[in-house]
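Novice: Read off the chains here:
Protein chains: 2
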Amino acid sequence: MARKTSDSTVRRLSRYLRRLRKLDAQDRKVVSSRELAETTGTTAAQVRKDLSHFGSFGKRGQGYSVGDLRVHLEEILGLDHRWTVAVLGIGKIGSALLGYGYFTERGFDIAAAFDSDPSKIGSELGGVRIQPLNALEEAFREHRISIAIIATPVEAAQDAASRAVSAGARAILNFAPIKLSLPEGVALREMDVTLELEGLCYLVTEASTPADGPE
Amino acid sequence: MARKTSDSTVRRLSRYLRRLRKLDAQDRKVVSSRELAETTGTTAAQVRKDLSHFGSFGKRGQGYSVGDLRVHLEEILGLDHRWTVAVLGIGKIGSALLGYGYFTERGFDIAAAFDSDPSKIGSELGGVRIQPLNALEEAFREHRISIAIIATPVEAAQDAASRAVSAGARAILNFAPIKLSLPEGVALREMDVTLELEGLCYLVTEASTPADGPE
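Residue numbers (numbering that gives the first Met the number 0), protein chains in the order written: chain A, 0 to 214; chain B, 0 to 214.
Possibly wrong hints are sitting among the right ones.
One copy or any two copies: either way a pair holds, since identical chains are not told apart in the list.
DSSO-like mimics (lysine-lysine), calculated; alpha carbons at most 27 Å apart, straight line [claimed, not checked]:
{"no.": "1", "residue 1": "K91", "residue 2": "K178"}
{"no.": "2", "residue 1": "K48", "residue 2": "K91"}
{"no.": "3", "residue 1": "K28", "residue 2": "K178"}
{"no.": "4", "residue 1": "K91", "residue 2": "K119"}
{"no.": "5", "residue 1": "K48", "residue 2": "K178"}
{"no.": "6", "residue 1": "K21", "residue 2": "K119"}
{"no.": "7", "residue 1": "K48", "residue 2": "K21"}
{"no.": "8", "residue 1": "K28", "residue 2": "K91"}
{"no.": "9", "residue 1": "K48", "residue 2": "K119"}
{"no.": "10", "residue 1": "K21", "residue 2": "K178"}
For the record, the hints were derived by calculation from the structure and aren't laboratory data.
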């Protein structure tokens, strides 16, 4: 099994898998690297390179078998089974997540939601009842939750994440604009709006800077 | 000026800049690559490599000048001036963005917000009045908006993005779970929760797969 695959490669693999699932649902049997590239915003050469890392799936000149490649990518990405998720912090972001319809069809079940605000506790959103933080450990155990989404205010984020990890979370998706400190072996991804905006500023600035001219 | 800098390098540069701004506010004069690395979650070697791409800022054994490096990174990232942003679609995500306090201090001004729901139009959120979509072109011109955040439902996202680009947006931050088709030269970043969750699944799966054992 390939190791040290970059985040951007994994993102592309996810996109290929989405496309393959759609094609599979349409009963398509074969797909070319060119088609996979076009529908996921990359190049055919990149598709072939990405997939070659994980073994040879395609037959030269014949494209990839949709069903086989789908199964392989599901195994590689760990998406051949469902994942149970908890949301910590039910403000605007947390509510949006609970109301978001796409998780179930993508293999994610939100099993629990937590907030410290007594006025929110007990109410239900997207079919999930909001619980107090002191119910966290039991809920993580009961539902075997492995992924925690941190959507608390920034000052509560580190505590929430640490608590989720102690309770068994092996991966954290962090929406709070703070660098979390986590034990080794816990996977972390960040949803940081200003970081993405800053990346866009760089791209716009770079595009409007003459390549060889003076700065 | 270096070209083709990867998204992950740009993200790290943003993180270095954040740290430098904090240190600068504390009147710190010098910072080591090790300290920059620790506070941004990378290694000292990576810091030195990233910064060497953009010219030599550090003096061997003396660390980097906080003020100089800050100014250089702000120029490189295009963050030496403010950026004007519009939000299209004021549902839960859009509302969260308008209520988010960190944009102003990071150099982003949300100048306009748009929705198609008549019941929302005219109301104010985070000091921004929600306008109908047919006011978009004038608002983009008036406020010289260069970045559009798409937070509409998925079925409205492509139209919203195309309209923003026609009105002058040079960069799109997309929250809708759909691959937008944009003209060449328009920068795009995506905030896709399920893509990040899938990336976490890969990391967790990889970590629990024996390196050399059978799959």
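Novice: Are any of the numbered hints broken by this structure? If so, which, sorted upward?
Specialist: Failing hints, ascending: 2, 6, 8, 9.
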